[in-house]
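Position chain B against the provided structure of chain A, taking the given hints into account.
Keeping their order, the protein sequence lines are chains A and B. Final position of the first sequence in the working numbering is 561; the numbers increase by one with none missing. Final position of the second sequence in the working numbering is 353; the numbers increase by one with none missing.
In silico lysine to aspartate or glutamate, DMTMM-like type, Cα no more than 20 Å apart, as pairs:
#1 A:475 with B:98
#2 B:332 with B:345
#3 A:475 with A:460
#4 A:482 with B:98
#5 B:228 with B:345
#6 B:28 with B:220
#7 B:325 with B:309
#8 A:475 with B:105
#9 B:325 with B:312
Some but not every residue of chain A turned toward chain B, in silico, with C-beta under 8 Å:
#10 455
#11 457
#12 458
#13 461
#14 464
#15 468
#16 479
#17 480
Hint data in this document are derived by calculation from the structure and do not stem from the laboratory. Where is the CB? At the ideal position from N, CA and C, for every residue including glycine.
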Amino acid sequence: MKFPSRWADPSLWLFGVLIVVLTLLVANPILRLLWDSFHTASGAWSLSSYASALGRSRNIQALLNSIYLGGAVTAIAMVLGVPLALAVSRTNMPGRGFTHFSVLAAFVMPNFLGAIAWILLAGPNAGWINRLWVEIFGTERGPLNVFSFTGLAFVIALYAFPLVYMFTKSALDLISTELEDAASIHGAGKLRTLTRVTLPLALPSILGAGILTFLETVALYGTPALIAIPAGLNLATTQMTTFFEYPPRVEQAAAFSMPILLLTILLLYVQRRLLSRKGFVSVSGKGGERRAFDIGAWKWPMLGYATFVAFLSVALPLAILVLASLSKAWGRGLASGNLTFANYHDVLFAQVTVRSALVNTVLYSGITAALCVLMGMCVAYATQRRITPFPAAIQLLSLAPVAVPGLILAIGLYAAYAGPPFALYGTGALIVIAFTTRFLPIAVTACSAAIRSLNPELEEAVRVLGGGRLTVLAKVVFPLLKKTLAGVFVLVFVISTKELSTAAFLTGPASRVVSVLTLDLSEQGNYETLATMGVVLVAMVTLVVALGMRIAGRDFMLRRS
Amino acid sequence: MSKLVLKNVCKSYGKVAVVEGLDLELHKGELVTLLGPSGCGKTTTLRMIAGFVDVSAGSIAIDGNVISGAGRTVPPEHRGMSMIFQSYAIWPNMTVAENVAFGLDVRRTPADESRRRVGEMLEIVKLAHLAQRYPAELSGGQQQRVALARAMVVRPEVLLLDEPLSNLDANLREEMAGEIRRLHDEFKFTTVYVTHDQAEAMTISDRIAVLNLGRLDQIDTPWNLYNKPRTQFVASFIGRTNLVSGNVVGGHIVVHGLQGAVPLPEDSLPDRADARVSIRPQALYLGAAVDGALSIGEVDVVSRNYLGEYWDYLVRPVAGGETLKVHAPPAKVLEIGHRAALSIDPRGVAVVS
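Here chain B stands alone, though its shape is the one from the complex:
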């Protein structure tokens, strides 16, 4: 049975709908990320799961018990969850150890067991030596670890994380993302993670739910989300992409201005004219077709940016049609106006709605 189930969850403030008809199921021990731009309803959804916000319609159930639904919202303190906040919300009037022990105290855990578990948890997050410090004396990363320890020491039914890394600088963010994934692998708490950063979501998630304007666009594994986006929004929000129009003919895609038909990977679609097609810049090569790629005609270089790790070329097919972004390795130097052959890796192509 699924651990946490959201059925047709809606939230509106007055006439403004923030979340519309959201369905979501989390298996026990799964880490699912709610990903989307600001204003997509992801934080509202998290706060509905936590019980801080009532649902306008639909229901939320944990282990089959409805905790949010028509007429009844179980208050947060009775949901057995824990949460990590954007600001960490470490209580400045308590020491690190007192912060971590708080949830155990509320649950009336015997003192010696509480002490033992707090000690173990502080070891795990590498803060044992700071147990008696006050939060004001800690760095951002250390405060983050206190928040993690405090949330996990109570062994929550569901662990909620609200953009926990957004206040950290870039290096620390990467390190903490890895840390969160490591801790998840160790404890296997059912986890809902909210972020607007797709790289962060890809790093730590079992599955990612992409939200757009209060609706769920697609929920899938990071690999599928990148390689088989189902909507334009997902294709352009997860990584960069070229959105062009083409025709689906017999399981192949024909894009205007490009030669030949590109076979669609795996599932075949019914024939259709004027479909939206996502082509990843990484799936396009300037030069002869090698390694499973198909040659699709010639292009002119329109403009280019050198970003150190790669070249970002904008090219236009000689036969006409939309311009395309192409990633090329740093060694691939082409002047503007240069004509080159273009080839494509079919695995980077998807028809989207």
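Looking at chain A on its own, in the form it has when it is part of the complex:
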């Protein structure tokens, strides 16, 4: 019997490639960021960047504003998300499928488009709601002003609450009715069962979702750029962009991002601790029959609330965008002679910038999704099956981008790859690298869950019959996980089309994406073209999501992995 050399084992090569790629994608940018924050532009060791970035009260105020905003958004998102999750998961409210679907729509909707729509709706003078108000009540001006702290928090929360909904619903779905029955049989009424048993069981997940919402808000760039800047509200992310005005001060940006980075790591740690107390939620057991709470007549107010949320987050904004896209001048409203299809012709055929932004968005998101699935699969397989040495370290490295807000990651990537020797600034490649790094954790988590669901014996059966690891992947793992991987692809694709914070600093004229172009067009006040572009993007993404649902099942997007 002859045995081949151990160098013929592809797992060794996989390990090498993974380490190199993860180092380039994750470790290098983050370490560059750290390094830069402690050095001057000329390369000398110094704390001066911290002094100038954190020494100014304006900058500190920006950080504080972001934290206030994060708190406000989290509170609103809870009020929107928790009741909906409870209603869909545990009650007999009618229209549960519709409600779930509307939350999915709010999740798919890019938040910068939502912000544009709400500017059109609730702008202080020209906003349609305000004009309608003036029309009806004859007052001097309308009641709403989106360009305010409240307006900003409200608009962000409208597109952040699906996260709270997702986490809460997943936790509630796991709670067996038997636990609630046990409360009833001991004499607790419905309300008391709800407040003493059901909600406390889901509390760690709800708090965890709150922490994530808070962090996402602090790190958010799109909606603040559209609303906070005109409102004169200075936030951490908008402040950070000022470091990139000429002359760019990357070191100061790096130093300024350190408090946010530390806060993120700290809160993510807390979130993990909350959710890792597993015994809390997984008390479900198997056979537990699940019955819906009969909430009697309350189901109608509940349905009204769900419809109202769907109306505010999806229906109304989409309607406004469609109307604006069909208008010659959006400010004239539904007046006769205002209707036109010229915007669509412009966007799709005439205007090169918009069309190329649409093409770029789809192209980069597609490539990102493919890379994320491929890498996520490699990392997940190598670590779950302990093929490579140090699986825990590799997994940690691949998940590290979670702890880095998008804008900060962009600064790191800018520092690492914008200049020579890579000189990637302004290229599509840099955007794809940024998106891939940012969304790799999502892919790794989803792929790990998928691989954990496979019995390793299926793979061992291949090995023992003479097939190598590559045969295992080609003949068993990929065929069995096809659908799941398609789901991961669509998920990453959709999130990539919405991504703005990393793209904002890294795009050049040739690599602009829809999200970045939205900011430019908004600055120019060109809302008709903007709305048209938005409608086209939403239509395309909806198509992809529908396709994903056909392949991977109805629930693949809002599943908590």
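Positioned in the frame of chain A, the structure of chain B alone reads:
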């Protein structure tokens, strides 16, 4: 020459030793069972033979070639073995025929030969009519047969079975155990079989290796294992037994509370006080000595259980000493407190360590 040789095989995870100093030799065509309670290291041993787990020390050789040893573990795909898993591990994305043909495809067997061998093997396991079905459409027993066919069609150097019957219900288990033995008699593959079920092991094995806490206690034929257990663990794990203390005097055993000396079968032991003695409940009779049994005094019935096929009596010798379990035929009805004569068949007695 032995086909498969394990020499001083050890496996530890950190400080926890799972397998310690295991020596095992399988002759070509032999079916050896690794038997033991859960956590005894039997599955780890099987996975070391398959190449999924490295050995910490010692070596494993097949036909004289070392395949696991210090610094080198030949990966499973180059060992020419095949294995049947607890979950069957039938690939749900392939039909029955594709599952069975897999090993032949990997070995680049010509298509027509592959088709012929798959067809023959499916005949043998009585699945020819289900060749184009997918595994999800099969019953547990049928999936088991697919696993058997898939493992045997490649004519493995060594066939490994990891608790293959534990997911089947009792009737099917008995049938499949017989089926595995029949297939072994037909093909004579060198086979290592892992189970925790002693009845299953007795049914199908040429020899049984009893593992306890990572060590090999005894390897022997089923008959010897039952009738000549060498350790307390083997005596109590294989069937039920009474473990009592007694003295070995001149090739006979004297048990406290029982009259007379029981001759030890065959090999005589040196004299020794306070030896552990295993007495099978089936070797004890309530009533007068008949058919080669020796009378050993009188006992009182302490308690009893009626199990349909037999009576399970617990008795205490009148002269004092430990209580004994006694099997009696259903017709032998004795009330609690009843006094009866006890006799013993010396073939059911063994001194253990």
